[in-house]
Amino acid sequence: MIEIIDLKKNFGPKQVLKDVNLNIEDGKITCILGGSGSGKSTLIKCLVRLIEASGGKILVDGKDVTKINSEVKLAAIRRHFGYLFQDGALFDSMTVGENVAFGLKYLTDVPPADYPKVVKEKLALVGLKDVEHLNPSELSGGMRKRVSLARVLAVNPKCILYDEPTTGLDPIMSDIISELILDLKHKLGVTSVVITHDMNSAFKIADKIAFLHEGRILMEGTPEEFRRTDNPYVKQFVSGSSHGPIQMKIMKD
Amino acid sequence: MFKLIGKKIDSLLMQTGGAAEMIRSVLFWLGRSRFEWKQTVEQSVSIGVNSCGVTALTSLFTGMVLALQAGNTIGNIFGEPIFVGTIVSFSLIRELGPVLTGVVVSGRAGAAVTAHIGTMAVTEQLDALYTLGTNPTRYLVIPRLFAFLITMPVLTVFSNVFGVIGGYLVAAYALGVPGEVYFNDITTFMGVKDFMHGFIKSFIFAFMIATVCCYKGISTRGGAEGVGKATTGAVVTTIVLILVLDYFLTAILTAFGI
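Listed in order, the protein sequences are those of chains C and A.
Numbering of the first sequence is given in our numbering, commencing with residue 97 and proceeding in unit increments.
Numbering of the second sequence is given in our numbering, commencing with residue 10 and proceeding in unit increments.
Don't read these hints as lab results, they were simulated from the structure.
C-beta atoms are modelled at their ideal positions from N, C-alpha and C, and glycine is treated no differently.
A portion of the hints provided could be inaccurate.
[Stated by the list, open to error] Keeping only pairs whose Cα atoms sit at most 27 Å apart, straight-line, the calculated DSS-like set for lysine-lysine is:
#1 C:201 x A:47
#2 A:238 x C:110
#3 A:16 x C:110
#4 C:110 x A:17
[Unchecked claim] Cβ-to-Cβ under 10 Å is the rule here; a few derived chain A residues that face chain C:
#5 34
#6 37
#7 38
#8 128
#9 129
#10 134
#11 135
#12 138
#13 140
#14 141
#15 143
#16 147
#17 148
[To be verified] Using C-beta positions, here's what the derived DEER-type ranges look like:
#18 A:234 x C:207: 41 to 49 Å
#19 C:106 x A:58: 40 to 48 Å
#20 A:62 x C:254: 45 to 53 Å
#21 C:206 x A:20: 42 to 50 Å
#22 A:14 x C:165: 33 to 41 Å
#23 C:206 x A:178: 54 to 62 Å
#24 C:208 x A:58: 22 to 30 Å
#25 C:254 x A:205: 54 to 62 Å
With the hints as extra help, turn the sequences into a complete structure.
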């Protein structure tokens, strides 16, 4: 269980997160919705301390991540998480196989002789075969995301953080990625936090949706509750309309 | 005007603090994590191979021009070109060897290190290192620091050898100094401490180049333009620091009788 309590993050004078409160339940998929620049990526980067929070608490199984000062203890906390970066963040000086095997050396006891077997297995899990020898520059957007996901899965994390997993992909590939996220929940029972602004994907995969707007969680609920809500901000976002309170606010700025 | 100077000083202090923090992190992780041998060897080979051709060429011609200038000047004063070997070897081994090698290494290998780490920074690859059980200090900085510390002194010796050969070619074939006299001038007046003088400098330059170039890479922000700026900044900073440090190191080492 991850509890986010009154989380704040400032970049200089700009307050990106203002008292965010959210509970992420084990084994469930929590989608965090929000427009560009709403602080979604900042929020999940705070979870693994890639960005330092300015205030508040993040409790992972009861331990406050924001209070850890030791680099060794921090590395131990990060082991619980897998992070799927928006553009994959594959190491471009390595092949696909080396990328997928990378975390095995640091986070697992798998002997190096077994790396090829694990790589094959994890690539198969994301629907890829015989791509180990390719360089990341030779992959399409969807393949990059899937290889990146295989790299995350190789180290068996308890919780996977997905940073806009379907952004930049065609609708079919987006659906394949959404299916994969669902599949991993059912097969491996991992906790998933998905940052997205893709409504189709969110409605398909989420057990719970949280809507982040101007640094605050404006609404939390099931996909069904989001479909039926009267909240004008959420309604506008869900329908993808340019008319509504969100744009009015932008125009005022 | 004052605001601009203040901003520059503030930025300089921030960067110095950031680099110092990186060194603290290096010291912290050195004893606590497995050493990245593969990375260190790869980087040493890359830095050495990248830089040895240009180092040889610059040193050869520097040795040649030193011999030519020394021979002509001394020839004009004393009537014959004496002590050419001494002047060439002293200048090279104590000063120009480490300085020229430092400039070449920072321009070739240092720039490559900043560009590589900088590109990783702007494409979230550094963040990925944290999430995969390591960090940029352990995986990138420590191997590169050791690679620079290993290769710079070797390249400096290489540079000295080529410089002395360049000096010999001019002394023997343009100035008419017999080879035996040229090399005798070197061995008679040069001691181990002169060699140590240049050697210590090359170590300190290596440490400085690795620190500046890695830090500039890690702190890169702002896409492709940011990588370009960081790389240029790293090369300019290291070359200026080599020349400034060289003066102070000469003063300090001489004061200690080295």
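Verification of the supplied hints:
1. C:201 x A:47: holds, 13 Å
2. A:238 x C:110: Holds: residue 238 of chain A and residue 110 of chain C sit about 25 Å apart, inside 27 Å.
3. A:16 x C:110: holds, 20 Å
4. C:110 x A:17: holds, 23 Å
5. 34: holds, 8 Å
6. 37: Check passed: Cβ of residue 37 of chain A comes within 7 Å of chain C, closer than 10 Å.
7. 38: holds, 8 Å
8. 128: Hint on residue 128 of chain A: holds, closest Cβ of chain C at ~8 Å, below 10 Å.
9. 129: holds, 8 Å
10. 134: holds, 5 Å
11. 135: Check passed: Cβ of residue 135 of chain A comes within 9 Å of chain C, closer than 10 Å.
12. 138: holds, 9 Å
13. 140: Residue 140 of chain A check passes; min Cβ-Cβ to chain C is 4 Å, inside 10 Å.
14. 141: holds, 4 Å
15. 143: holds, 5 Å
16. 147: holds, 9 Å
17. 148: Since chain C brings a Cβ to about 9 Å from residue 148 of chain A, closer than 10 Å, the hint holds.
18. A:234 x C:207: 41 to 49 Å: holds, 44 Å
19. C:106 x A:58: 40 to 48 Å: Holds - the Cβ-Cβ distance for residue 106 of chain C and residue 58 of chain A, about 46 Å, lies within 40 to 48 Å.
20. A:62 x C:254: 45 to 53 Å: Distance hint for residue 62 of chain A, residue 254 of chain C holds at roughly 51 Å.
21. C:206 x A:20: 42 to 50 Å: Roughly 45 Å apart at Cβ, these two residues keep to the hinted range, so it holds.
22. A:14 x C:165: 33 to 41 Å: With a Cβ separation near 36 Å, residue 14 of chain A and residue 165 of chain C satisfy 33 to 41 Å, so the hint holds.
23. C:206 x A:178: 54 to 62 Å: Holds, since residue 206 of chain C and residue 178 of chain A (Cβ atoms, about 58 Å apart) stay within the stated range.
24. C:208 x A:58: 22 to 30 Å: holds, 27 Å
25. C:254 x A:205: 54 to 62 Å: Once the Cβ atoms are compared, 55 Å apart, the range 54 to 62 Å for residue 205 of chain A and residue 254 of chain C holds.
This entry satisfies every hint, going by the numbered hints stated previously.
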